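Asker: Below, each chain spelled out in residue letters.
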Amino acid sequence: MRNWKLITMPFDKENPITVQVLGICSCLAVTAQLKPALVMAVSVTVVVALANLIISIMRKSIPPRIRIIVQLVVVSTLVVLVDLFLKAFVYDVSKQLSVFVGLIITNCIVMGRLEAFAMTNPPLPSLCDGIGNGLGYGIILVALGTVRELFGSGTLLGYPVMEKIGAYNIGYENNGLMIMPPMALILVGLIIWLQRSRKG
Amino acid sequence: MQEIVNIFVKSIFIDNMIFAFFLGMCSYLAVSKTVKTSAGLGIAVTFVLLVTVPINWLLNKYVLSPGALAWISPSLANVDLSFLSLIMFIAVIAAIVQIVEMTIERFSPTLYYALGIFLPLIAVNCAVMGGSLFMQERGYSSIGEVLAFALGSGIGWFLAIVAIAAIREKLRYSHIPPALQGVGITFIITGLMGLAFMSFMGIKI
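Line by line, the protein sequences give chains Y and H.
Counting from 1 along the first sequence, just add 50 to a position and that's the residue number in the numbering used here.
Counting from 1 along the second sequence, just add 1135 to a position and that's the residue number in the numbering used here.
Treat the hints as calculated values from the structure; they're not laboratory data.
Accuracy of the hints is not assured; some may be wrong.
To be verified - Think about it this way: if two alpha-carbon atoms lie no more than 20 angstroms apart in a straight line, the pair counts; the simulated EDC-like pairs of lysine to aspartate or glutamate are:
1) Y:85 with Y:133
2) Y:137 with H:1150
3) Y:145 with H:1272
4) H:1196 with H:1280
5) Y:137 with H:1215
6) Y:145 with H:1150
Said to hold, decoys possible - Among the chain Y residues that face chain H by a calculated CB cut under 8 angstroms, a handful are:
7) 79
8) 115
9) 120
10) 122
11) 130
12) 136
13) 156
14) 161
15) 226
16) 228
17) 229
18) 232
19) 238
20) 243
From a predicted model like this one, the values you see are computed outputs, not experimental measurements.
Just so it is clear, CB atoms sit at the ideal spot from N, CA and C, and this is done for glycine as well.
Please build the complete structure, drawing on both the sequences and the hints.
Answerer: Shown next, in the form of structure tokens:
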């Protein structure tokens, strides 16, 4: 029961992006389209969950003075694995994500969860916490990716939605601003606004 | 020479770390409450970029990229170590940050205390890692270009964080809807600043 709560808490109340404000760096740049956003969300979830699990197993034998280096080594090994996996199976998306796969290493969510949770908790809750935070990050990524791709280029996962429902015939135009980088920031700002005002 | 100046200007204004690639957003949002501390962090990041990117460039050129080991012996010409680059880059960055920290502590304790916790945190700043990864991705050919890129990116980051800190100091006296205060409004303002910076696009010297 407690583990289930650890998974669902980061969806809304403890969301890593809108509440803890971690991991913004890579989140905004990959959301101009839905497909890279999905791939990025899955990659980060895998890395956070496994890193949490491994560090939590090793937590009693890591000397506190050098823990950052140990964490970085574990995380970067996992990221190299993810990077090679993406290059082998979804090469085009891996090219699109370019440096942002490598930047998962310095993603604040990963380091933040390792420091705040995995160093002091047993393996199973740590694994759940990692999955939860990865998914909480993923939700925002997918929401941003959907809005930006739908209104920016009129497609979803490459499927021409706006053309099929005939929006162009009645004078609809794609909003080019949506795929520009600054719009991602403004959208996150609006999501935070929405979330906080809903709570009152 | 012209190419170097071009890269320098481009990495400050057009390929700005924050407004075009959102790198280093975490510390950008957390530390930009006052102009003074954010200027200190900006200088530290610029310095670390200026040291780590050229070192990683040398490492990439002579050890990691495909066929780079040929200078040791021709038999190593088809060794490709590029899969190690992520681990090597982060190790170099973590080590350099540690050295920089100890040097500053030894020679200028005042600066050390002014920077405080931010110094060790630079090791996990995406802007620094991003600098190294972009350097590898774009394949700069000479050390001059790499230095111009590192210095330009650092100055771009510095300008962005000082600008947002100045705006946030003024914002304290404005009436913002309660739910939008703090992080929310900072995001939106950063977006608007990004739009303004986009007007530099296409500048070439």
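Asker: Hint validation: residue 130 of chain Y versus chain H, beta carbon distance must be below 8 angstroms. Holds or violated?
Answerer: Since the shortest Cβ distance to chain H is 5 angstroms, the answer is holds.
Asker: For a C-alpha distance cap of 20 angstroms, please report whether residue 1196 of chain H and residue 1280 of chain H respect it.
Answerer: It holds: about 14 angstroms lies between the C-alpha atoms, which stays within 20 angstroms.
Asker: Holds or violated: the hint that residue 232 of chain Y contacts chain H, with Cβ atoms closer than 8 angstroms.
Answerer: Holds, because the Cβ-Cβ distance from residue 232 of chain Y to chain H comes to roughly 3 angstroms (cut-off 8 angstroms).
Asker: Are residue 229 of chain Y and chain H close enough, Cβ to Cβ, to be under 8 angstroms, as the hint says?
Answerer: Nearest chain H Cβ about 12 angstroms off; hint violated.
Asker: Is the shortest C-beta separation between residue 238 of chain Y and chain H less than 8 angstroms?
Answerer: This interface hint holds because 5 angstroms falls under the 8 angstroms limit.
Asker: Do the alpha carbons of residue 145 of chain Y and residue 1150 of chain H lie within 20 angstroms of each other, as the hint requires?
Answerer: holds (19 angstroms)
Asker: With 8 angstroms as the cut and Cβ atoms as the points, is residue 120 of chain Y at the interface with chain H?
Answerer: Violated, because the Cβ-Cβ distance from residue 120 of chain Y to chain H comes to roughly 11 angstroms (cut-off 8 angstroms).
Asker: Tell me if residue 156 of chain Y is really an interface residue toward chain H, meaning its C-beta lies closer than 8 angstroms to one of theirs.
Answerer: Nearest chain H Cβ about 5 angstroms off; hint holds.
Asker: Taken at face value, is the distance from the CA of residue 1150 of chain H to the CA of residue 137 of chain Y at most 20 angstroms?
Answerer: Violated: residue 137 of chain Y and residue 1150 of chain H sit about 26 angstroms apart, past 20 angstroms.
Asker: Hint check: is the beta carbon of residue 115 of chain Y less than 8 angstroms from a beta carbon of chain H?
Answerer: violated (11 angstroms)
Asker: Would the stated hint for residue 79 of chain Y survive a check requiring a Cβ distance to chain H of less than 8 angstroms?
Answerer: holds (5 angstroms)
Asker: Is the straight-line distance between the alpha-carbon of residue 145 of chain Y and that of residue 1272 of chain H 20 angstroms or less?
Answerer: Holds - the C-alpha atoms of residue 1272 of chain H and residue 145 of chain Y are around 11 angstroms apart, at most 20 angstroms.
Hints 2, 8, 9, 12, 15, 16, 17 from the earlier list are contradicted by this structure; the remaining hints agree with it.
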